[in-house]
Amino acid sequence: MEELLESNLLRHFRIVRFLLGREWVTIGELAHTLRIPSRTIRQSIGEINQYINPAKIESSQKFGIRLTYDAQLNSFYIYASIYKQSAHFLIIENICIHRYATLAVLAEKLFISQSTLKRKIAVINQTLEKYGFWIDTKSVDMVGDERKIRFFYYCYLLEKYDVLDLVAPEQELRIIDELISEFFAQFPSLQGPERQVFSYLNKLRTMLFISFKRLKKGCRLDSHDQIDEQYSLLLSEKLSKKIAVCYHMAL
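Residue numbers (the working numbering): -14 to 236.
Everything labelled a hint here was simulated from the structure, so no lab data went into it. The beta carbon of each residue, even a glycine, is placed where N, CA and C say it ideally should be. Take these hints with a grain of salt, some might be off.
Label-pair ranges, simulated between beta-carbon atoms [stated by the list, open to error]: (1) Lys223 to Leu186: 20 to 26 Å; (2) Gln35 to Val90: 27 to 33 Å; (3) Phe3 to Gln57: 19 to 25 Å; (4) Tyr232 to Ser(-8): 36 to 42 Å; (5) Leu186 to Arg24: 46 to 52 Å; (6) Ala229 to Ile82: 16 to 22 Å; (7) Gln99 to Leu206: 31 to 37 Å.
Taking lysine to aspartate or glutamate and the DMTMM-like style, the derived pairs with C-alpha atoms no more than 25 Å apart in a straight line are [said to hold, decoys possible]: (8) Lys226 to Glu114; (9) Lys201 to Asp162; (10) Lys188 to Asp130; (11) Lys223 to Asp162; (12) Lys133 to Glu32; (13) Lys198 to Glu114; (14) Lys201 to Asp126; (15) Lys94 to Glu167; (16) Lys188 to Asp147; (17) Lys94 to Glu144; (18) Lys105 to Asp121; (19) Lys133 to Asp121; (20) Lys223 to Asp126; (21) Lys103 to Glu(-13); (22) Lys69 to Asp126; (23) Lys201 to Asp147; (24) Lys223 to Glu167; (25) Lys188 to Glu(-13); (26) Lys188 to Glu(-12); (27) Lys47 to Glu14; (28) Lys201 to Glu167; (29) Lys41 to Glu(-12); (30) Lys47 to Glu32; (31) Lys123 to Asp150.
Generate the whole structure from the sequences, applying the supplied hints.
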């Protein structure tokens, strides 16, 4: 995911990744390992510290530098803080979650010029095209291998937010939770304890959230990618209506 970052943020990412799990290291050691000039590292440390609070890169004339953070935090928080600085990630997220009639509308939403947006999308596509999908500027959507698109969005949301509640509207979360409840009620054999823990349910909710967003845009998986027929779900009429209203589609 980090390869989509802008060059300065990718440098921040590499510095943070090196410091995580280590005690004091000298800037010279860091510069040698990452092949980044010491002066640039010092400047980058100041930039990183502006947005990773309450984590911090501490410096000492005697010992060097180290990354410190509260025991309640983890590496996810720090990486997510970097991702949130990225215009590339913001573009991808808006295209994932929302629908835009034209590139001009998206540019206005992001408070950038249309020409700047086109340039950024061109840079993003240099990475995405290697994986079989890309951002189409005419439809203002991700196009290509649908299965890979959904998996990419799934990884993106988990890496940036970890918990779906931080990005999905409450109404959609309630519908997704109802769908999961109906599914497990119809297939009790799948209700093992490993599927009741929060981490599993959060991943399942994220996959469903992305699937609904893509279906709302008319993007469907090929028939050979569909779920096994033995697990075809018969939704209640009440839930079907809720989904139809929320996502503006018939089931």
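To see whether the hints hold, each was checked on the structure:
no.: 1; hint: Lys223 to Leu186: 20 to 26 Å; in the structure: 22 Å, holds
no.: 2; hint: Gln35 to Val90: 27 to 33 Å; in the structure: 31 Å, holds
no.: 3; hint: Phe3 to Gln57: 19 to 25 Å; in the structure: 23 Å, holds
no.: 4; hint: Tyr232 to Ser(-8): 36 to 42 Å; in the structure: 38 Å, holds
no.: 5; hint: Leu186 to Arg24: 46 to 52 Å; in the structure: 47 Å, holds
no.: 6; hint: Ala229 to Ile82: 16 to 22 Å; in the structure: 19 Å, holds
no.: 7; hint: Gln99 to Leu206: 31 to 37 Å; in the structure: 32 Å, holds
no.: 8; hint: Lys226 to Glu114; in the structure: 37 Å, violated
no.: 9; hint: Lys201 to Asp162; in the structure: 18 Å, holds
no.: 10; hint: Lys188 to Asp130; in the structure: 21 Å, holds
no.: 11; hint: Lys223 to Asp162; in the structure: 14 Å, holds
no.: 12; hint: Lys133 to Glu32; in the structure: 34 Å, violated
no.: 13; hint: Lys198 to Glu114; in the structure: 21 Å, holds
no.: 14; hint: Lys201 to Asp126; in the structure: 12 Å, holds
no.: 15; hint: Lys94 to Glu167; in the structure: 37 Å, violated
no.: 16; hint: Lys188 to Asp147; in the structure: 9 Å, holds
no.: 17; hint: Lys94 to Glu144; in the structure: 23 Å, holds
no.: 18; hint: Lys105 to Asp121; in the structure: 13 Å, holds
no.: 19; hint: Lys133 to Asp121; in the structure: 15 Å, holds
no.: 20; hint: Lys223 to Asp126; in the structure: 31 Å, violated
no.: 21; hint: Lys103 to Glu(-13); in the structure: 21 Å, holds
no.: 22; hint: Lys69 to Asp126; in the structure: 21 Å, holds
no.: 23; hint: Lys201 to Asp147; in the structure: 23 Å, holds
no.: 24; hint: Lys223 to Glu167; in the structure: 11 Å, holds
no.: 25; hint: Lys188 to Glu(-13); in the structure: 20 Å, holds
no.: 26; hint: Lys188 to Glu(-12); in the structure: 23 Å, holds
no.: 27; hint: Lys47 to Glu14; in the structure: 14 Å, holds
no.: 28; hint: Lys201 to Glu167; in the structure: 21 Å, holds
no.: 29; hint: Lys41 to Glu(-12); in the structure: 23 Å, holds
no.: 30; hint: Lys47 to Glu32; in the structure: 22 Å, holds
no.: 31; hint: Lys123 to Asp150; in the structure: 31 Å, violated
Checked against the numbered hints given earlier, the structure breaks hints 8, 12, 15, 20, 31 and satisfies all the rest.
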